[in-house]
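Throw the hints in and build the complete structure from the sequences for me.
Protein chains in written order, with numbering that gives the first Met the number 0: chain D, 0 to 353; chain Z, 0 to 353; chain P, 0 to 353; chain Y, 0 to 353.
FYI, nobody ran anything at the bench for these hints, they're computed from the structure.
Just so you know, these numbers come straight off a predicted model, no measurement behind them.
Backbone N, C-alpha and C fix where the C-beta goes; we use that ideal spot for every residue, glycine too.
Incorrect hints may appear among the rest.
To be verified - Just so you have them, the derived chain Y footprint on chain Z, three or more residues with Cβ under 8 Å: (1) 19–30; (2) 341–347.
To be verified - Derived CB-CB ranges, DEER-like: (3) D:Lys145 <-> P:Lys145: 29 to 37 Å; (4) D:Lys73 <-> Z:Asn215: 29 to 37 Å; (5) Y:Asn171 <-> P:Ser189: 44 to 52 Å; (6) Z:Lys86 <-> P:Lys97: 35 to 43 Å; (7) Y:Asn38 <-> D:Glu98: 29 to 37 Å; (8) P:Leu36 <-> Z:Ala37: 37 to 45 Å; (9) P:Lys97 <-> Y:Glu33: 44 to 52 Å; (10) Z:Gln264 <-> Y:Glu33: 29 to 37 Å.
Stated by the list, open to error - Calculated lysine-lysine pairs in the DSS-like style (CA-CA distance at most 27 Å, straight line): (11) Z:Lys145 <-> Z:Lys73; (12) D:Lys199 <-> Z:Lys269; (13) Y:Lys190 <-> P:Lys252; (14) Y:Lys145 <-> Y:Lys283; (15) P:Lys299 <-> Y:Lys97.
Listed below are the residues making up each chain.
Protein chains: 4
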Amino acid sequence: MSNTLGNLFRITSFGESHGSSVGIIIDGLPSNFEIDLANIQKELNRRKPGQSSISTTRQEDDNFEIISGIFENKSTGSPITIIIPNKDFKSAEYSSLKEIYRPGHADKVYQYKYGHRDYRGGGRSSARITAAWVAAGAIAKQYLEKKFAIKTEAIVSSIKDIHLASPFEYLNWELAETNIVRCPNESISSKMIQLIRDTKEKGDSLGGIISARISNVPIGIGEPVFGKLNAELAHALFSINAVKGVEFGSGFKSTLLYGSENNDQPNSTKNNDGGITGGISNGKAVEISIAFKPTSSISKEQNVENISNEIVPFSITGRHDPCVLPRAVPIVEAVIATVVLDSILINLKNLQLK
Amino acid sequence: MSNTLGNLFRITSFGESHGSSVGIIIDGLPSNFEIDLANIQKELNRRKPGQSSISTTRQEDDNFEIISGIFENKSTGSPITIIIPNKDFKSAEYSSLKEIYRPGHADKVYQYKYGHRDYRGGGRSSARITAAWVAAGAIAKQYLEKKFAIKTEAIVSSIKDIHLASPFEYLNWELAETNIVRCPNESISSKMIQLIRDTKEKGDSLGGIISARISNVPIGIGEPVFGKLNAELAHALFSINAVKGVEFGSGFKSTLLYGSENNDQPNSTKNNDGGITGGISNGKAVEISIAFKPTSSISKEQNVENISNEIVPFSITGRHDPCVLPRAVPIVEAVIATVVLDSILINLKNLQLK
Amino acid sequence: MSNTLGNLFRITSFGESHGSSVGIIIDGLPSNFEIDLANIQKELNRRKPGQSSISTTRQEDDNFEIISGIFENKSTGSPITIIIPNKDFKSAEYSSLKEIYRPGHADKVYQYKYGHRDYRGGGRSSARITAAWVAAGAIAKQYLEKKFAIKTEAIVSSIKDIHLASPFEYLNWELAETNIVRCPNESISSKMIQLIRDTKEKGDSLGGIISARISNVPIGIGEPVFGKLNAELAHALFSINAVKGVEFGSGFKSTLLYGSENNDQPNSTKNNDGGITGGISNGKAVEISIAFKPTSSISKEQNVENISNEIVPFSITGRHDPCVLPRAVPIVEAVIATVVLDSILINLKNLQLK
Amino acid sequence: MSNTLGNLFRITSFGESHGSSVGIIIDGLPSNFEIDLANIQKELNRRKPGQSSISTTRQEDDNFEIISGIFENKSTGSPITIIIPNKDFKSAEYSSLKEIYRPGHADKVYQYKYGHRDYRGGGRSSARITAAWVAAGAIAKQYLEKKFAIKTEAIVSSIKDIHLASPFEYLNWELAETNIVRCPNESISSKMIQLIRDTKEKGDSLGGIISARISNVPIGIGEPVFGKLNAELAHALFSINAVKGVEFGSGFKSTLLYGSENNDQPNSTKNNDGGITGGISNGKAVEISIAFKPTSSISKEQNVENISNEIVPFSITGRHDPCVLPRAVPIVEAVIATVVLDSILINLKNLQLK
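Shown next, in the form of structure tokens:
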């Protein structure tokens with residue numbers, strides 16, 4: 000609970016958006032695994048601020064430092080600690096936030112819960128802390144790919160009402176990395192980018208849906224009752240800032256079908272169950288849709304509550320993403336890979352001993 | 000993980016649909032709390048099979064037995080064990096299932112995961128095990144109401160395309176208990192019941208959406224990073240059979256709004272965040288929508304895989320619900336109450352010591 | 000924590016000495032393992048009350064009932080629930096305990112901690128609850144022996160000042176089962192039995208030391224920092240009623256040696272480290288000594304505190320063991336086997352994936 | 000498990016002796032608590048190497064850096080991360096250790112467990128990692144003292160056969176800090192110091208016993224079955240390098256007494272139960288004895304195994320403590336305070352809600 004996710008493979012998150020750094024401890028990676036450090040940086044670059052004209056203008060290189068757990072480039076079995084310094088933080092620009100609670104943000108609930116709050120840019124509640132999750136997820140992804148040939152991918156499938164027709168039937172997900180909005184269809188991605196630019200101009204913000212797919216998961220991953228693979232994935236995904244909905248396979252749309260329509264019969268290519276039956280991977284690709292609400296920080300004036308519980312008009316300054324989805328794609332992949340690797344390690348006893 | 004849910008208040012589930020009983024251990028209920036046993040039975044009756052003309056015809060009284068943890072009607076602080084015998088199980092009627100894997104069921108994944116399987120009626124993967132969750136949830140609900148005035152309610156808000164217009168704006172949720180489909184609107188519930196009857200007639204099945212509301216949650220419940228209140232609730236809800244989607248507040252619909260539209264400004268009655276901001280309760284009612292796929296067991300003939308991996312036509316006999324939602328309402332309430340009580344106990348240190 | 004021990008293989012204890020039964024849930028036993036039920040009963044018989052002239056006269060057959068998790072005699076991967084009914088409990092004989100706190104017992108601390116207490120025979124704090132641990136341990140022992148050839152044994156090596164000279168150098172531990180005190184040396188066991196009889200006659204009680212040995216543990220079991228094999232074993236052993244000290248290998252005696260004397264050089268048969276180095280099994284037998292204080296319940300008159308906090312003279316009636324060690328031998332073996340099996344399952348990832 | 004200790008208050012350890020640093024994450028300290036940073040350094044100084052003529056000559060200032068979780072000098076409720084750089088490490092001096100397994104050390108078991116090993120000075124198995132535990136423990140101690148007036152103290156009560164007569168009856172434990180061996184009796188401490196010097200001269204090493212006392216623990220701390228206060232303390236204490244035995248109160252000596260002698264009658268000052276009954280604090284001081292084996296690293300030549308599994312003579316160079324006890328005193332206090340604070344937070348629900 001709290002700041003730790005996972006059981007046999009687990010990550011412990013620390014740091015704040017405007018402290019010296021954010022970081023993560025990765026505990027339980029099997030030993031003697033050679034880690035591709037350049038790949039970690041590549042994943043961090045997919046998430047880093049200032050990467051494109053549609054992201055926040057905060058500039059962070061997000062260079063990481065490994066301070067434990069790796070010797071001669073290979074995991075030792077000891078906890079791997081990764082730190083990512085905060086360089087371009089401007090606490091001053093947040094001083095205006097000291098006395099107000101931003102709508103949709105955790106400002107007020109932290110104040111009430113803890114009685115003491117780092118008001119600078121969200122502090123601990125900032126999505127900046129997910130940078131370190133991405134570093135951990137990069138290692139999990141490497142491990143899953145090299146040892147089990149499992150691949151974790153995500154794309155942006157909708158921004159507001161601009162959307163891919165059938166994201167999981169869409170063939171070339173790798174095209175998503177060819178544009179700044181991370182949607183694999185060129186004409187749709189162009190429209191998304193334009194919408195984001197227009198919305199930013201108006202001082203407003205956008206949400207959308209990220210689709211994620213885990214390929215090549217063997218049958219049998221996930222615990223059957225309270226550690227269901229979908230339950231663990233949902234838990235991890237709802238840990239990401241701004242996520243308001245998670246569904247597997249046909250999800251909410253399944254409620255509109257008859258059982259005879261929704262059932263994945265064995266000779267069909269349908270995947271309405273999204274690769275998970277009874278909480279356990281069934282051999283098909285695991286398919287997930289994740290809803291992100293529009294960014295809460297908008298420069299448009301809105302009513303806010305201040306620390307004296309008065310309601311006042313306020314325009315949020317600071318540097319914010321008009322739409323977080325393009326940068327959230329690697330975060331989604333990271334938490335998914337973290338969960339899948341943990342589930343696989345837990346399942347080893349069934350694989351090895353039965 | 001596995002068969003245990005929760006931290007300070009936690010439940011451990013055991014039993015199978017066609018063994019002698021299903022049961023639960025409740026660990027961590029504060030001591031000296033007087034338990035209303037009749038209320039536990041009342042909750043079990045809301046879930047029990049054979050309760051109405053639209054549920055399965057399996058008949059179980061679901062009378063429970065408390066075998067530890069309560070002395071002179073009050074909790075002692077020791078684990079409370081509750082057992083619910085299986086009486087009306089007919090293993091014979093499941094012998095036809097020994098050699099096939101039902102679509103949408105866990106038959107095949109259990110066989111592959113464990114190499115040994117209780118094929119009778121789903122065994123451990125049967126929703127029958129949730130009867131004991133309901134008993135545990137009844138105690139959690141009593142505790143939340145008496146000590147914190149927190150109320151947990153759920154209703155059926157859609158069956159296929161028949162739905163309440165705005166479930167959370169609907170005023171009289173208590174009316175849901177006046178009809179067998181547990182939808183609070185009389186004309187809509189009548190249509191739902193008719194649709195269920197017609198669908199049963201055709202040998203098919205239905206899904207839908209359950210809406211849940213937790214009222215009077217104080218500000219500050221939920222851990223900020225990996226134990227977010229929404230993440231813990233989603234984890235518990237995805238543990239329920241047939242759940243394929245979970246969303247909070249405006250959920251997937253939030254993706255269609257601008258930030259300025261979706262933000263819950265402080266002087267508004269909107270609750271797009273669904274009562275949770277940054278993973279922590281914000282003082283408004285927590286509002287959740289849960290998608291249940293149509294029941295996988297249908298008597299209509301469909302293609303199935305058998306244990307020799309051949310595809311054969313098959314009609315599922317046995318006694319099944321054409322639509323699980325009416326009986327799932329108390330299950331949803333039970334797991335929600337379990338999570339909320341756990342989160343409240345975890346938060347005591349913030350309440351008491353700051 | 001609380002009533003659950005272990006991670007991947009874990010047991011959850013429930014029940015009270017004077018309720019209907021005591022029991023256990025065993026979660027995580029790998030599936031498809033054939034369980035020897037007669038062996039479980041055999042282990043329970045080693046612990047059961049009334050088994051000999053030097054144990055309590057309470058008569059319990061300790062017949063067990065398996066109510067989940069086993070199908071066609073083999074584990075299914077689902078939680079195994081075992082219940083042992085309490086038959087010969089005489090609550091009446093404990094009514095005298097309602098108003099006093101027995102020295103050395105948990106009566107007072109339970110009253111203060113929980114504010115509500117089952118005063119009958121210790122309730123939850125009774126060693127009777129360990130009967131169910133023994134049943135779980137029997138299964139763990141079977142698994143360890145059949146799958147890994149690991150053997151867990153314990154003997155009584157001292158009662159008061161009557162003791163084996165060098166318990167771990169003593170060859171024939173299996174002889175311990177040939178007498179009622181469970182010490183493998185015939186002349187020493189005779190003296191122990193005589194001392195126990197004399198002490199019982201005087202209305203007093205005795206303590207002593209149990210020695211335990213785990214043979215054939217592969218190198219590498221145990222986590223290196225906070226899940227050290229010795230730390231996990233000590234945790235489990237201190238969970239047994241009346242245990243006041245635990246040591247590994249030369250233990251407290253090592254403090255009297257020079258490093259050059261205490262170090263186990265590689266060509267030596269010495270085992271001063273007790274088979275564990277740096278918290279991890281080193282390939283030698285794991286050797287543990289466990290100190291049990293003399294039974295707190297004595298019929299000799301002593302001063303006690305009553306619930307009005309007055310000090311009054313009191314003689315404890317009821318049926319008690321003058322010395323718990325002979326019956327504690329299978330309890331020690333059970334918790335050790337539980338810990339070792341858990342540690343082995345946790346270590347699978349190192350065995351399989353490096 | 001693994002590198003994390005505790006539940007509601009918990010620490011996650013990271014780092015190696017010859018990497019860039021060692022560190023700790025402290026999760027769960029209640030918010031809004033003002034932390035005395037100078038006191039953390041004071042505790043670190045009690046443990047740091049090179050502090051006296053009888054400790055290792057490795058020189059580390061052990062200055063710490065707080066990189067998260069504290070804002071305006073007070074805890075925010077977010078994880079507190081503390082890093083202590085390694086400055087005076089000389090990897091070169093350990094190159095001789097690359098090909099041998101030192102007796103009594105974890106070299107061989109790490110090699111077998113992980114297949115890849117940081118051989119420099121023990122890497123992760125070095126007691127250097129406990130520096131960060133001391134920093135965490137300093138914060139726990141501050142919290143326990145300020146909020147609950149609970150005091151945690153430890154002293155050296157024996158080195159080899161030189162020992163205090165009755166450590167727990169000894170009145171002035173604070174005198175322990177007036178000499179470099181941390182024993183409160185001047186004449187005994189002088190003898191200990193002389194023995195350590197003589198032994199170092201001979202290239203040999205010494206063990207001994209640390210006595211620890213927790214004063215002012217309220218009645219009711221500790222969980223009754225598997226989270227007993229003594230079990231949790233023993234687990235934490237056995238996590239410290241070189242600990243081979245732990246006992247509470249009269250411990251192993253209780254086995255030599257009759258029940259009538261050992262029972263702590265209510266009007267007596269005896270504390271044979273060591274302040275814990277039935278696993279729960281009983282209101283008296285908690286009293287613990289901890290056996291440390293003599294340091295495994297000795298410069299005297301001994302037989303060792305090398306990585307080709309040959310036995311060869313070897314003299315360990317490098318800089319080592321001839322006796323670790325004086326520096327282990329603050330480590331013992333730190334892990335005890337960590338466990339007690341966690342237990343107190345877990346017990347809040349009983350204190351507040353009954």
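Okay, the hints, checked on the actual structure:
no. : hint                              : in the structure
1   : 19–30                             : holds (count 3)
2   : 341–347                           : holds (count 3)
3   : D:Lys145 <-> P:Lys145: 29 to 37 Å : 34 Å, holds
4   : D:Lys73 <-> Z:Asn215: 29 to 37 Å  : 53 Å, violated
5   : Y:Asn171 <-> P:Ser189: 44 to 52 Å : 48 Å, holds
6   : Z:Lys86 <-> P:Lys97: 35 to 43 Å   : 38 Å, holds
7   : Y:Asn38 <-> D:Glu98: 29 to 37 Å   : 33 Å, holds
8   : P:Leu36 <-> Z:Ala37: 37 to 45 Å   : 38 Å, holds
9   : P:Lys97 <-> Y:Glu33: 44 to 52 Å   : 47 Å, holds
10  : Z:Gln264 <-> Y:Glu33: 29 to 37 Å  : 35 Å, holds
11  : Z:Lys145 <-> Z:Lys73              : 14 Å, holds
12  : D:Lys199 <-> Z:Lys269             : 24 Å, holds
13  : Y:Lys190 <-> P:Lys252             : 20 Å, holds
14  : Y:Lys145 <-> Y:Lys283             : 20 Å, holds
15  : P:Lys299 <-> Y:Lys97              : 63 Å, violated
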